[in-house]
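The lines below spell out each chain.
Number of protein chains: 2
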Amino acid sequence: MKKLIVIFLLLSQVIFAQQKQMSLEDAILGRYTYLRPKSMSGLSWRNASAYTYIKGDSLMQVLAKSGKEELLLTKTNLETISGETFRAFPFFSWLNGNEMLIGTPNGRIKIDLANKKILSKITYPEDAEEVQFSEKGNLAAYVEDENLFLALANNELRQVTSDGGNGIVNGKSVHRNEFGINGGIFLSPKGNCVAFYRKDETMVKDYPLVDFMAREAEYTPVKYPMAGMESHHVTLGVYHIESGKTTFLNTGGPLDHYLTNVTWSPDEKYIYMAELNREQNHMQLNCYGAATGEKVKTLFEEKSETYVEPLFPIEFSKVNPNEFYYLSRQDGWFHVYKYNTDGKLLQQLTKGEWEVTRIIGFDEKETQLFVEGTFDDPLQNHICKVDIKSGEVSKISQQEGIHNASLSPDAAYVIDNWNGPEVPGNIDLYTANGKLVRNIFSAANPVKDYLLGENKLVTLKTKDGKYDLYGRLILPTNFDPSKKYPVIVYVYGGPHSQLVNKSWQHQARWWQYYMASEGYIAFTMDNRGTNNRGREFETEVHRQLGILETEDQVQGIEYLKSLPYVDPERIGVHGWSYGGFMTLNLKLRHPEVFKVAVAGGPVVDWSMYEIMYGERYMDMPQENPGGYEKSDMTRLVGNLDGNLMLIHGAQDETVVMQHSMKFLRECVKQNKQVDFFAYPIHPHNVRGKDRIHLMRKVSDYFLENL
Amino acid sequence: MKKLIVIFLLLSQVIFAQQKQMSLEDAILGRYTYLRPKSMSGLSWRNASAYTYIKGDSLMQVLAKSGKEELLLTKTNLETISGETFRAFPFFSWLNGNEMLIGTPNGRIKIDLANKKILSKITYPEDAEEVQFSEKGNLAAYVEDENLFLALANNELRQVTSDGGNGIVNGKSVHRNEFGINGGIFLSPKGNCVAFYRKDETMVKDYPLVDFMAREAEYTPVKYPMAGMESHHVTLGVYHIESGKTTFLNTGGPLDHYLTNVTWSPDEKYIYMAELNREQNHMQLNCYGAATGEKVKTLFEEKSETYVEPLFPIEFSKVNPNEFYYLSRQDGWFHVYKYNTDGKLLQQLTKGEWEVTRIIGFDEKETQLFVEGTFDDPLQNHICKVDIKSGEVSKISQQEGIHNASLSPDAAYVIDNWNGPEVPGNIDLYTANGKLVRNIFSAANPVKDYLLGENKLVTLKTKDGKYDLYGRLILPTNFDPSKKYPVIVYVYGGPHSQLVNKSWQHQARWWQYYMASEGYIAFTMDNRGTNNRGREFETEVHRQLGILETEDQVQGIEYLKSLPYVDPERIGVHGWSYGGFMTLNLKLRHPEVFKVAVAGGPVVDWSMYEIMYGERYMDMPQENPGGYEKSDMTRLVGNLDGNLMLIHGAQDETVVMQHSMKFLRECVKQNKQVDFFAYPIHPHNVRGKDRIHLMRKVSDYFLENL
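Going down the list, the protein sequences come from chains A and B. For the first sequence, the working numbering begins at 9 and goes up steadily by one. For the second sequence, the working numbering begins at 9 and goes up steadily by one.
These are computed hints drawn from the structure, not numbers from a lab. The reader is advised that the hints may include incorrect statements.
To be verified - Computed cross-link-like contacts, DMTMM-like style, restricted to lysine to aspartate or glutamate with a CA-CA straight-line distance of at most 20 angstroms: (1) B:LYS677 / B:ASP649; (2) A:LYS277 / A:GLU143; (3) A:LYS677 / B:ASP698; (4) B:LYS180 / B:ASP219; (5) A:LYS677 / B:ASP649; (6) A:LYS680 / B:ASP385; (7) A:LYS680 / B:GLU33; (8) A:LYS231 / B:GLU226; (9) B:LYS680 / A:GLU712; (10) B:LYS231 / A:GLU224; (11) B:LYS464 / B:ASP385; (12) A:LYS253 / A:GLU287; (13) B:LYS680 / A:ASP708; (14) B:LYS677 / A:ASP698; (15) B:LYS469 / B:ASP384; (16) A:LYS680 / B:ASP698; (17) A:LYS677 / B:GLU154; (18) A:LYS670 / B:GLU712.
Pulled out of the complex, with its shape left as it was, chain A reads as follows:
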């Protein structure tokens, strides 16, 4: 009898295990932990024939050709060599097949593996920010108190700037991370010079943030330049280590221009930058003398009636140092161009109605170019090989999905780390000719025990029939086509985003499955303005944000209404940031469609958004008053009907609280009821465990009102 009970219990566990409902906690906490597909750690090429990865406390080496695997190094080995103690096998990178750079809590150690000894050691202070290491590992640059410092190999710490603070910032990212910028330190290839951004934001208005958690609330302002207002001034300094002298590039004015995509020439004599005017419609690729700071020449220019958005630094040829490659959207799609340093266009290496998303590398002679790109499907990202002479492009990655490449040093092999709609994560090894050598890793399906709604792609058309629009529909669990279901549209819709693609689960968030398990259809669609669809698709929204995006989203609604199992009286919408803006657009322009809406950290009026992003898409308020007026959500408050909730992080430095406050004020003024919540210590997004509170609030709003 006991045995029977045990068997029954086991059986029921199996049944229940396969039928598990996704909880909100699963959806939120699981996203980055137990519901995230597993992958390999530290996978990287050691040399042309072998790659390495971390397994437990050890570094394993695998021969590419044979697949033969062996233990290369243990944590203990590394501790013996370095004299350090590590909690786990540390961060590392290969400088070549013998030399590794090992990360310590505040430094890097260069190791000679054959001789088991330290080659050099760099240590920087614990409060150092923005640390950058030279390729050779003999130098680090970092920022302390808005000033640039160097840590040299002989334990020398050197202060490069001293004017940091009070609105002057050295060595940090500028232009609010637009234009592909993600740092402010540019070490020269041989390690003799350091270029760095200097930002003067003394003329930029303070946005008043308040730290409510202090004993008595504290004023903690940030510099926030709003569209049409005075912008910060950026210059580029070049510090010469030997002479100890700093030269600033003589870029000329107006000083509210954008200095982007800084690149050193291989010989360290020149610095190249894509310089963009404040209007963002005229880019010059300029070359400066690193020693003199004077402009040598303008290599070429790009102009546009909408905007030019340089995102990728030039990459110098290793074969001919007078040539470089550049990833540009000048023909309407991101493609690779080859120029010489006179600015002469030598060749367009890729072309066609698809987008190159990354230059992976070249073979040693640079006759073969490897790129990632959409190739034959804007919902995929493939690893492609381009024969430079013939221009012929062939896909190395084969399976439907989103592929990321790691090329072996001599370009004989490609590691393809990818996932697809039904594939949580695979790592495959290919030859450069596209022959699958072997599968290296396959992630288990982390949600195999859950009962999930069906997830399917839909393809619609813009109202004018010009473009395809791609959507993702998740049906409720235990879907019954004879019933009517409410819908929650999750929207983002802003430039540089693509929510629907052919990655794992079509890139759905687990929260959508959670709502599906609560009986809602979860729908998401990318509208005009979003990524990977070419310049025209993106720029149609220029100067009138919200208008065409909304028109496209309504196409999605029309589709939903055509489905017999959709209850057209119960449609809700939720989005954050640009998605909050879209949520307000949808709710206020179509109150008859959207019964319930939750707008998180929403842009309400683009004149309150920052200059770099805002003016690119809207121009200045003084140049485009009509466009700003049309996209000002406070002007649509009169249409408000039904349930709308705004949510805002009280410390939001991206879409500042002023947006929600002005919207609420207008609602109160017009005696329109609206709901609101503030997350006191959170910035633009509510992350960590508090996100459960947030998504409980969002979910409850739909559960109670929709």
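Here the structure of chain A is known, so what remains is to put chain B in place on it, guided by the hints.
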């Protein structure tokens, strides 16, 4: 046939008129307009035999004895005399039977009525603040840019101080209007000197307010000294008009003391003040030489184990200038004492377990004292006459209610402006002997067309049986005792308040009738700590705010639960400010009782409230950590269950937004759902037409959740 229809329509209007439901708009907008009982305008004594009042554009005079009424003066007459133009009959006051002071938009004109001419004219700048006129009308003092100025009769404007600004404030109220303070200018009786407060708040921490309505949000800090933190320093300056010199009283330190109830001696030689230490448990009545600024003597002291709260300036005898009267709670109840200027107590004029609320005046020989006070019922305010010799007290006002007196110049007559539970507003004329001469005015019932729920008083007991507790119960319209009704408790509960008394409708707010018309029982009860009940009743809550008040409110709940028509599962609570604090106390200490709660502008933690009020009742946080901990609502968040909404004005300078933010933060931290709304441009209270939005929000929260 047509006639019949007309008659039917007329009839139905009558019926509907008598059955009108109170709308939210009526309740809120009507409160200060069409639902406010009418009264008389400008009612004041001209001389011993006649009073005057404004009727349309005219000033009417009535002889007290005969009641004979005549037109005294029209607006046009006044315009002819003054040379000014008035929209309506202007603000005025009688200096004597012949001389009037007339208000102009930025000044005062003294008129000789018999000779129809201007005696003097004072004009001050349009941006003048805090304007004070001398009794004789020949001098005004005012503040501009935190500096004190004088406007003299010969058109001379004189600047008295020049150090105002940047944390120095001259001539304005200090100590956050506590201790009866409502201004910072004290003109001497004969008009030769001006005493004024000087406040140095440079050492007080800024509380960061933000004006979200600016182009880019602006930082607009206010000085806000929180309990236990550094407080402002106040001194008293005396400006001598003839010499043009200013003397500051040499009050000594510590400088964070309180200088209160400033009074000039009749001869202008001395200034008397009730000086209180920061701890508020030791008061000295001190006398200073006005010319020297030096202390002459301490007349007497009051000490307490809880606090001394001087609220009323001394009033000099007009018969003997070396004697004065003082309204003090030294025996546990507010009573009138007579001292001489040596500080000798001559006589306690009133006594017993009741509170004198105001000294009205005396007869000419000062043998009869007239006061207002609770006398035989703490829910009433009566006009009483005290025979000083015998101590015998007799009521002049007879009817149940709240009475306010205006004594004729020779104390022969009293005008009694009063209202009672069933009386919207009456004005009666009495002789000083308590004989009703006549009714002067009776206000119509402004809600006679409305169908209102029954309003009744209930008397309960504190849990220990020691005190009576008074409550007001409003039954739903169309009440059916066989049904079960939900209850909304409206609470305030803080010191100096009394929500339930025997004024018109027992002082109910119309909003409570509105909720009654929506089917809710509206209940309100005054707990320990509230006003007019003596010192002991008030100070029991000392150092532990929220504890006994909550215990008392629960007595009210027990009573409600004992009523067969109360649904004990549907009890909600709403309050603002101290009432917000009480709402949190009730919701969090008794989550099983209160299903729904709305806390407006709530104090969450007394350590974030200001020094003057906060430390009186709680001492400093460093002196009473246990008390602060017990009354810190963030510590009770773990008990939260059901619906709680916090509402806060984003510009609140009284209970700062930090209170709500810290509470929300704790809710998020503990993953407790809570609702919140912010009124972007509103300070501590949401007033004006936006109050409809607020009370719609509050009402909906109960309608939807309770």
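Taking the hints in turn, this is what the structure says about them:
1. A C-alpha spacing of about 15 angstroms is found between LYS677 (chain B) and ASP649 (chain B), which places the hinted pair at or below 20 angstroms, so the restraint holds.
2. Distance check on the hinted pair: LYS277 (chain A) and GLU143 (chain A) sit about 17 angstroms apart at the alpha-carbon level, within 20 angstroms; holds.
3. In summary, the hint linking LYS677 (chain A) to ASP698 (chain B) is supported, as the alpha carbons are separated by about 7 angstroms, within the 20 angstroms threshold.
4. Taking the CA atoms of LYS180 (chain B) and ASP219 (chain B), the gap is near 24 angstroms; set against the 20 angstroms cutoff, the hint is violated.
5. Note on LYS677 (chain A) and ASP649 (chain B): the hinted pairing is violated, with a Cα-Cα distance of about 32 angstroms set against a maximum of 20 angstroms.
6. A distance of roughly 45 angstroms separates the Cα atoms of LYS680 (chain A) and ASP385 (chain B); the hinted pair therefore is violated under the 20 angstroms criterion.
7. Restraint check: the Cα-Cα separation between LYS680 (chain A) and GLU33 (chain B) comes to about 14 angstroms, which is no more than 20 angstroms; the hinted pair holds.
8. With a C-alpha separation of about 12 angstroms, the suggested pairing of LYS231 (chain A) with GLU226 (chain B) holds against the 20 angstroms cut-off.
9. Simply put, LYS680 (chain B) and GLU712 (chain A) have alpha-carbon atoms about 17 angstroms apart, close enough for the 20 angstroms limit, and the pair holds.
10. Using a Cα cut-off of 20 angstroms, the hinted pair LYS231 (chain B) and GLU224 (chain A) holds, with the two alpha carbons roughly 11 angstroms apart.
11. At most 20 angstroms may separate the alpha-carbon atoms for a hinted pair to count; LYS464 (chain B) and ASP385 (chain B) meet this at roughly 16 angstroms.
12. With a CA separation close to 34 angstroms, the supplied pair LYS253 (chain A) and GLU287 (chain A) exceeds the 20 angstroms bound.
13. At most 20 angstroms may separate the alpha-carbon atoms for a hinted pair to count; LYS680 (chain B) and ASP708 (chain A) meet this at roughly 13 angstroms.
14. A C-alpha spacing of about 7 angstroms is found between LYS677 (chain B) and ASP698 (chain A), which places the hinted pair at or below 20 angstroms, so the restraint holds.
15. As the CA atoms of LYS469 (chain B) and ASP384 (chain B) are separated by approximately 18 angstroms, the hinted pair is consistent with the 20 angstroms bound.
16. Of the supplied pair hints, the one linking LYS680 (chain A) and ASP698 (chain B) holds, its CA atoms being roughly 10 angstroms apart against a limit of 20 angstroms.
17. In summary, the hint linking LYS677 (chain A) to GLU154 (chain B) is not supported, as the alpha carbons are separated by about 33 angstroms, beyond the 20 angstroms threshold.
18. At most 20 angstroms may separate the alpha-carbon atoms for a hinted pair to count; LYS670 (chain A) and GLU712 (chain B) exceed this at roughly 27 angstroms.
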